[in-house]
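Just so you know, the sequences run in chain order U and Y. Numbering of the first sequence is given in my numbering, commencing with residue 1 and proceeding in unit increments. Numbering of the second sequence is given in my numbering, commencing with residue 1 and proceeding in unit increments.
Hint data in this document are derived by calculation from the structure and do not stem from the laboratory. The reader is advised that the hints may include incorrect statements.
[Unchecked claim] Per the computed footprint, the stretches of chain Y lying under chain U, defined by three or more beta-carbons under 8 angstroms from a beta-carbon of chain U, are:
{"id": "1", "region": "3-10"}
{"id": "2", "region": "290-299"}
{"id": "3", "region": "376-382"}
Just so you know, these numbers come straight off a predicted model, no measurement behind them. Heads up, the beta-carbon is just placed ideally off N, CA and C, and yes, glycines get one too.
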Amino acid sequence: MQMRVAEPIIAIHHVSRRYVRGVDEVHALEDVSLSIPQGHFAGFMGPSGSGKSTLLNLVSGIDRPTSGEVIVAGQRLNDLSEDELAHWRARHVGLIFQFFNLIPVLSSRDNVALPLLLTHLSKAERLRRAEVALGIVDLGHRLHHLPRTLSGGEQQRVAIARAIVTDPDLIVADEPTGDLDARNAEAILSLLRQLKQDFGKTVVMVTHDPRALRYVDDAYHLDKGLLLEGEDAERARAALLVAAGHGAAPTGAAAGVRAQP
Amino acid sequence: MKYLGLVFANLRRSKLRSAMTGAAIMLAVLLVCLLLTMPAGLDALLDNLASNTRISVHNKAGIVYSMPQSFVRKVRQVDGVAAAAAITWFGGAYEEAGRVTFPNFAVEVEHVGAVYPDYPISAEHLADFKRYRDGALVGRQIMRKYRWKIGDRVTLRSTVWPVNLDVRIVGEIADDHSPYLWMSTEYVDQALKAQGREGLGIANVVWARASDPSRVNAIMRAVDELSRNSEAETACETEKSFFSNMFGSLQSFVTIILIVTALVSLCIVFIAANTASMAVRERAGEIAVLKAIGFGRRVIFATLLAETLLLSALAGGAGVLLAVALTRALRMFSGWSEALGPLAVFIITGPVIVQGIVLSLCVGMLAGVVPAYGAARKSVAETLHEIF
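Chain U with its partners taken away, still in its complex shape (with noise of 0.2 angstroms):
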């Protein structure tokens, strides 16, 4: 019996990310190659200034590679400008945000509702879809709360929900639990899962946390910009499981291999 290989949602072909920053040239990514399947929970993973953010920015539309390829979604994201780009996200991206982003002036249920702003669908069917989002991520009876009057990991649901309300193809999250205690980093993860579990997302997530080694499918660990593959790999991902006092992962979890959760 043959194994069905799901279609890659992701596909990044030697993508470099270089920026001038002052008078310096910095080199965000250098050649990068990965695949993603659909459905899948993906992870990057490595120390600051190892280019993940600018990977999840390339893989999410949000920046633009210096040289090589990134398609997402089968659409080649080079060649669209800014413009295009924010159209695209819009129908195709949801992102959630270290640090939730909310508008403090807007209700949990406003704040979820702001990306169909961009769609043609009637007030009322826009708070109707913010509601349903809103109950996926167990937060229907805040619907009008601002986000001040939420904790933090009630905040990272709402902007979770906020991800998901247009049912985009791909979730990106930056740092999600980076802002977060440990029980509430947790149920974040464990949300993000169930996403990927029964609502068949993709779901790629950059982060620091360890813990996350036990929730995603594959992790990708970078490191200097260069994507890290096998021994590299095993021992960027055991250094940080060292670092995080966890000793050894709990899956098996590694650069570029398909974990078993």
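Following the hints, put chain Y in place on chain U, whose structure we already have.
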């Protein structure tokens, strides 16, 4: 329209700041609207005061210099003159007030009615004015101010002539804004002679009425010709020109105020621009997130600009409404107070309202366009990199 909720929510973000900026814009628009009424208002004031057939004949050196009272007879002889009356400043202080609080003149009772046929003086009152030597006609504004009524006797102590005169109010000039008191030249003349002095003998102004507006210029030339090389050469001018010269300094003042107002408006633009810039800076993170979740540059620019435009439009609208209410109130109260009387002609017209609204929109546009463009221009990656 669907972004309006977001725009309103952002305006409510810092209520005090929005309120203060709005108040500054509102006051600036109010001020500008009131000042914009001034040129038209002054013109209307002159039109109300002046007739197009009346001519002022006064000493070439100025109205404080006199001319022989007998000159009025020569003026009456000029072709085209329908009537003429000599008027002399009496400068009477009402005893209760102790100083000159309203203009009062000695006038030729037989002729003054014909020179001012447009003044609302009833035939009965005019007849009584001619009948009673000590009679006086008083403007309604003064009647109201001092609660005088017809039949009252009033004593005026002249600050020019060495006489105190007791006059009897026999009629009124029934105009709410008329501040004058007229008494008989003959009465003043006799009072002076009774004290062993020469009579009045002089006039400050001879007011002549032309039979037809088209003859005014010819009459003025003829009258000035009559006085040429005399001790009191005259300078004729139309009534509108006469009052316009009196208000000349006021018009210069208005020009200065208009310049100051333009500068104030510019300051308001800078204040509003600073507020908009602060708002954009404070929300840089949120703007970055909006961009990241798919809000394009045009939407970001439009929503940020809409905030300042909306604030300016609301504040400017309030300023215009306040200006309309204020000028209406002034008109309403103008009959009650001598001081407010002339302000009744300052009316907020349609064009002034349009200019006020346009000004407020310009303030919003100028204040908002730079910060909004700055926020929209940067790429989302650049913005996120700066913020996070």
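Here's how the hints hold up against the structure:
Under a criterion of three residues with beta carbons nearer than 8 angstroms to beta carbons of chain U, the stated coverage of the region 3-10 of chain Y is upheld, 5 such residues being counted. As drawn, the region 290-299 of chain Y meets chain U at 10 residues by the rule of a beta-carbon pair under 8 angstroms; at three or more, the given contact holds. Three residues within the 8 angstroms Cβ limit are the bar, and the region 376-382 of chain Y against chain U gives 3, so the coverage statement holds.
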